[in-house]
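Engineer: Here is how the chains run, residue by residue.
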Amino acid sequence: MSFNEINYELLIQRDPKTIEQLVRTYTSHLYKAGLGMGLTAEESDDITQAVWLTFFDIVPEFKRQSTVRTFLFGILYNKISEYRRKNKKTEPSDQIDQIVDSYFEKNGEWVMAKAPISPEQFLISTQVMELLQKCLDLLPIHQKMAFIMKEIEEAITDEICAALEITATHLGVVLFRARNQLRICIESKSR
Amino acid sequence: MPEINCEFVLKVKVGNMLKCKEVVKVVSSDQPISLKQKIEIKMHLMMCRHCRRYQQQLNLLKNGFVRLLKLKYNSADPQKIDQIENKVLDKVNKRSNQ
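Same order as they appear, the protein sequences are chains B and U.
Per our numbering, the very first residue in the first sequence carries number 1; after that it's consecutive.
Per our numbering, the very first residue in the second sequence carries number 1; after that it's consecutive.
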C-alpha cells in the first residue's frame, strides 16, 4: 500500500477510519516481523505499539514516495536496535569477511578441506528448525532485517535500502555477510 | 591453414575464468551484473562443482529459513494481534482527541 492509495490528507487530519484501516492492515506484519527478529511475544507486542505511536507522530513530515510498509519497517528496525542497545544485549561481532576469506586460497579457489558439502548433506541440516534458529540468532540486527525483508517480505531493493537507510551497494555487502554467515553456521553443524 | 591447438584454446579460456571467490561474492550479494558477467558465471558454474554446490546450498538455505519464519509467523496468536490493534487504536485516538 503506498501513501497514494490511502488518503494522505485524511491521515494527517487523523481520520479514525483511515487510521483504523492502516492499523488493521499492518499490525500483524510488524508483530510477526518482531518475532522473526527474535523478540519474545511480549517484546514484540510492546515494540509494535511503539512503532505505531512513532508512525503517527512523524507521518506529517514524511515524504510520500515511500510505501507504508517501508516506512513502518524503518521505524521497527530503529526501535529494535534501540531496545537491544538499552538492554545491553551485546551484538554479535561481525568478523564474517575474514572467515569467508579463510575458505579461499590466495589464487581465489576453494580451500579443499573447506569446499561446500553436498546439497544432500546440507539439506538435512536445513530441516532442523532449532539449528536454523540458532544460526539466525547469530546475525546482527541489520543483517537479520535485510534477510527477512528480502526473503520473507519479498521487498524490493529500494524498499529495503530505504528502511535500513543504506545504499544498494551496501545492501549487497549486508546480504553477502548474512548469507555466508548462515551458510557457514549450518555447514559447520553438518560436517 | 594454421592448425588450431584446442588444448591451448581451452587453457586460455580457463585461465581467464572467474575465480571461485569472485563467483561466491556475486552469487551471494544480489548485485546487478552485466550480461558478460552473467555468462562468465554460468560458464564457471558449469565447470566448478564446488561453486555449483555453493549455489545449491544458498537455495536450500533460503527455503529453510522461509520455512522457519513462516512457522514462527503462523504461531502468532490472532487474538493477540487483535488486542494489539485495539490497544494501538485506543492510544492513537486518545492522542488525537487531546
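Please note: incorrect hints may appear among the correct ones.
[As the list claims (entries may be wrong)] Pairs of lysine-lysine, PhoX-like flavour, derived with a Cα cap of 25 Å:
#: 1; chain 1: B; residue 1: K79; chain 2: U; residue 2: K80
#: 2; chain 1: B; residue 1: K189; chain 2: U; residue 2: K62
#: 3; chain 1: U; residue 1: K21; chain 2: B; residue 2: K114
#: 4; chain 1: U; residue 1: K36; chain 2: U; residue 2: K25
#: 5; chain 1: B; residue 1: K134; chain 2: B; residue 2: K189
#: 6; chain 1: B; residue 1: K134; chain 2: B; residue 2: K86
#: 7; chain 1: B; residue 1: K17; chain 2: U; residue 2: K25
#: 8; chain 1: U; residue 1: K91; chain 2: B; residue 2: K79
#: 9; chain 1: B; residue 1: K114; chain 2: U; residue 2: K42
#: 10; chain 1: B; residue 1: K189; chain 2: U; residue 2: K70
#: 11; chain 1: U; residue 1: K70; chain 2: B; residue 2: K134
#: 12; chain 1: B; residue 1: K114; chain 2: U; residue 2: K72
#: 13; chain 1: B; residue 1: K79; chain 2: U; residue 2: K42
#: 14; chain 1: U; residue 1: K38; chain 2: B; residue 2: K106
#: 15; chain 1: U; residue 1: K94; chain 2: U; residue 2: K72
#: 16; chain 1: U; residue 1: K70; chain 2: U; residue 2: K80
#: 17; chain 1: B; residue 1: K106; chain 2: U; residue 2: K19
#: 18; chain 1: U; residue 1: K72; chain 2: B; residue 2: K79
#: 19; chain 1: B; residue 1: K17; chain 2: U; residue 2: K94
#: 20; chain 1: U; residue 1: K25; chain 2: B; residue 2: K189
#: 21; chain 1: U; residue 1: K21; chain 2: B; residue 2: K106
#: 22; chain 1: U; residue 1: K21; chain 2: B; residue 2: K189
#: 23; chain 1: B; residue 1: K114; chain 2: U; residue 2: K62
#: 24; chain 1: U; residue 1: K91; chain 2: B; residue 2: K17
#: 25; chain 1: U; residue 1: K25; chain 2: B; residue 2: K106
[Stated by the list, open to error] Just a sample of chain U residues kept apart from chain B, beta carbon distances all over 12 Å, derived:
#: 26; residue: K36
#: 27; residue: K38
#: 28; residue: I39
#: 29; residue: V66
#: 30; residue: Q83
If you're looking for bench data, these hints aren't it; they were derived computationally from the structure.
Model, not experiment: these values are computed from the prediction.
Idealized CB from N, CA, C, for every residue including glycine.
Engineer: For the pair supplied as a hint, B/K106 and U/K19, confirm whether the alpha-carbon distance does not exceed 25 Å.
Structural biologist: With Cα atoms ~10 Å apart, B/K106 and U/K19 stay inside 25 Å; holds.
Engineer: Taking only the CA atoms, is the gap from U/K70 to B/K134 under or equal to 25 Å?
Structural biologist: The hint holds at about 16 Å.
Engineer: Take a quick look at whether U/K36 and U/K25 sit within 25 Å of each other, Cα to Cα.
Structural biologist: holds (16 Å)
Engineer: Check the hint pairing U/K94 with U/K72 against an upper bound of 25 Å on the C-alpha distance.
Structural biologist: Status violated; Cα separation ~33 Å.
Engineer: Does U/K21 pair with B/K114 here, judged by a C-alpha cut-off of 25 Å?
Structural biologist: Holds, because 13 Å separates the two Cα atoms, which is no more than 25 Å.
Engineer: Given the hint that U/K21 pairs with B/K106, does the C-alpha gap stay at or below 25 Å?
Structural biologist: Between U/K21 and B/K106 the Cα gap is close to 10 Å, so the pair holds against 25 Å.
Engineer: For U/K38, is the shortest beta carbon distance to chain B beyond 12 Å?
Structural biologist: About 16 Å separates U/K38 from the closest Cβ of chain B, which puts it past 12 Å; holds.
Engineer: Quickly compare the C-alpha distance for B/K114 and U/K72 to 25 Å and report which way the hint goes.
Structural biologist: Given pair B/K114, U/K72 is violated - Cα atoms ~32 Å apart, limit 25 Å.
Engineer: Tell me if the straight-line CA distance from U/K91 to B/K17 falls inside 25 Å.
Structural biologist: holds (15 Å)
Engineer: Going straight from one Cα to the other, do U/K70 and U/K80 come out at no more than 25 Å?
Structural biologist: holds (17 Å)
Engineer: Under the criterion that the straight-line Cα-Cα distance not exceed 25 Å, is the pair B/K79, U/K80 satisfied?
Structural biologist: Judged against 25 Å, a Cα distance of about 20 Å means the pair holds.
Engineer: Taking only the CA atoms, is the gap from U/K21 to B/K189 under or equal to 25 Å?
Structural biologist: holds (22 Å)
In summary, the numbered hints that this structure violates are 7, 12, 13, 15, 29, 30.
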